[in-house]
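Protein chains: 2
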Amino acid sequence: MNQTIELLKKHRSIRKFKETAIPEEHLTEIILAAQAASTSSNIQAYSVIAVKDPERKRRFAGLAGNQQQIVESPVFLVWCADLNKIRTAIRLHEDVELKQNVELFLLGTIDATLAAQNATVAAESLGYGMVYIGGIRNNPQDVTDLLELPQLVYPVFGMCLGVPDQEPDIRPRLPLAAVYHQEVYSKEGLEDEIKAYDEITRHYYATRKGGGRGGEQETKWSKEMLRRFNGERLRGHMHDFLLGRGFELK
Amino acid sequence: MNQTIELLKKHRSIRKFKETAIPEEHLTEIILAAQAASTSSNIQAYSVIAVKDPERKRRFAGLAGNQQQIVESPVFLVWCADLNKIRTAIRLHEDVELKQNVELFLLGTIDATLAAQNATVAAESLGYGMVYIGGIRNNPQDVTDLLELPQLVYPVFGMCLGVPDQEPDIRPRLPLAAVYHQEVYSKEGLEDEIKAYDEITRHYYATRKGGGRGGEQETKWSKEMLRRFNGERLRGHMHDFLLGRGFELK
Numbered sequence: 001m002n003q004t005i006e007l008l009k010k011h012r013s014i015r016k017f018k019e020t021a022i023p024e025e026h027l028t029e030i031i032l033a034a035q036a037a038s039t040s041s042n043i044q045a046y047s048v049i050a051v052k053d054p055e056r057k058r059r060f061a062g063l064a065g066n067q068q069q070i071v072e073s074p075v076f077l078v079w080c081a082d083l084n085k086i087r088t089a090i091r092l093h094e095d096v097e098l099k100q101n102v103e104l105f106l107l108g109t110i111d112a113t114l115a116a117q118n119a120t121v122a123a124e125s126l127g128y129g130m131v132y133i134g135g136i137r138n139n140p141q142d143v144t145d146l147l148e149l150p151q152l153v154y155p156v157f158g159m160c161l162g163v164p165d166q167e168p169d170i171r172p173r174l175p176l177a178a179v180y181h182q183e184v185y186s187k188e189g190l191e192d193e194i195k196a197y198d199e200i201t202r203h204y205y206a207t208r209k210g211g212g213r214g215g216e217q218e219t220k221w222s223k224e225m226l227r228r229f230n231g232e233r234l235r236g237h238m239h240d241f242l243l244g245r246g247f248e249l250k
Numbered sequence: 001m002n003q004t005i006e007l008l009k010k011h012r013s014i015r016k017f018k019e020t021a022i023p024e025e026h027l028t029e030i031i032l033a034a035q036a037a038s039t040s041s042n043i044q045a046y047s048v049i050a051v052k053d054p055e056r057k058r059r060f061a062g063l064a065g066n067q068q069q070i071v072e073s074p075v076f077l078v079w080c081a082d083l084n085k086i087r088t089a090i091r092l093h094e095d096v097e098l099k100q101n102v103e104l105f106l107l108g109t110i111d112a113t114l115a116a117q118n119a120t121v122a123a124e125s126l127g128y129g130m131v132y133i134g135g136i137r138n139n140p141q142d143v144t145d146l147l148e149l150p151q152l153v154y155p156v157f158g159m160c161l162g163v164p165d166q167e168p169d170i171r172p173r174l175p176l177a178a179v180y181h182q183e184v185y186s187k188e189g190l191e192d193e194i195k196a197y198d199e200i201t202r203h204y205y206a207t208r209k210g211g212g213r214g215g216e217q218e219t220k221w222s223k224e225m226l227r228r229f230n231g232e233r234l235r236g237h238m239h240d241f242l243l244g245r246g247f248e249l250k
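Those protein sequences? They're chains A and B, same order as listed. Quick note, the first sequence lines up with residues 1 to 250 if you use this note's numbering. Quick note, the second sequence lines up with residues 1 to 250 if you use this note's numbering.
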């Protein structure tokens, strides 16, 4: 279709990196591209922290559930929702506090995510590979301490960046019809689309080359969802953690 | 730097569109590019609904606070966090419910946002313009009803898409140092960076050509933040709305 769409469509997560460093001018380009993303009413409610120190990367890897790719990637970016900036701006003028609620939490989370995805596209256009690390939410308070985040800032996810040292296959996605609806949400056909996708993922895991996170994995998508979401409540600490950082979810 | 990064860096929201329709094959390419974005552990917890019907677009425009660009854009996409798909997948195997909490709410919100930003980049690479419409969260229940969303699906934001009929200036962002930190979050200098940015935005609003949402606007960023966040609690209905849709924020 065009070069940019081809780039987007060949995305796959990279979990093995060469030792090659990323020049600071490339990192700057990547962050400037991130800043160019839309932001809710220009509030720019996010920050990003680059971690390059090997010992610190080791600590983040441990906190994220022993994700070795954090150690191997030359740069580990942590994307944060950041309402501290808005609080600081307001308090230049008046001695007031931001009125928190779930909408403000959403604004920061969405802004951080829009910016991060632009960074991903920019990095991949320069030949780098990446993987998002939601695992930093396993131990969000320790991550917060290591990054010295002020109140009203929380780490949404990490991002390993570097020159790829693997060429994994592209993982197939759900059929278009399971994602893309016309005028109203179509409830018809979803079960069949999931069953069709189950066969596609079964074939993919049977034949794929390289990549993947390793560890336990069901090859049918619907069974993998059952395995993931049928156990304990996922990251049940997040609510109290967020309130401790000054966010409100009411 | 390269074509893709140039594209990202020249993004600005488009609020005036030509009547030109978007061919369905372009929309498909845009959604396939969205699907190629990362998704937390491949859960793909989002859906997108295309609204093209003029009368329906008028209703969404009203619900979003009379945003005329929704009527003028040939396609209005609504990006939704969607846990219904995972629930459906699980229930192919066992008669259980997803255990809800704020982490699951986050997963769906992040997945929808990553996909939407890829759609933005793909659309802009094809020459289209866009603007995100957070205003659909002004009346999320009415939007939900119009889209016939099932439980466990909520509309995160809308997106107007079409051929641009304006060429607004690119809005300057906060200085890099206010967003990009090394190893730890730097608390030094933020006030000065905000004051420097206040002068930049003041100059921008004094000289800009085209674009903008119109209406009241402070020209210094920090004052605009004060105006926006010093009043009523923003969208205070979101908590109860989300719980009504089956999400939990605990």
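Just so you know, the hints here were simulated from the structure itself, not pulled from any lab data. A hint or two may mislead.
Said to hold, decoys possible - Some, not all, of what chain B presents toward chain A, calculated at C-beta under 8 Å:
1) L7
2) S13
3) S38
4) Q44
5) S47
6) I90
7) G134
8) V163
9) L174
10) K187
11) E191
12) D192
13) I200
14) H239
15) L249
Glycine is no exception: its CB is placed at the ideal position from the N, C-alpha and C atoms.
Hint check results:
no.	hint	result
1	L7	6 Å, holds
2	S13	6 Å, holds
3	S38	5 Å, holds
4	Q44	5 Å, holds
5	S47	6 Å, holds
6	I90	5 Å, holds
7	G134	5 Å, holds
8	V163	16 Å, violated
9	L174	5 Å, holds
10	K187	6 Å, holds
11	E191	6 Å, holds
12	D192	11 Å, violated
13	I200	12 Å, violated
14	H239	5 Å, holds
15	L249	4 Å, holds
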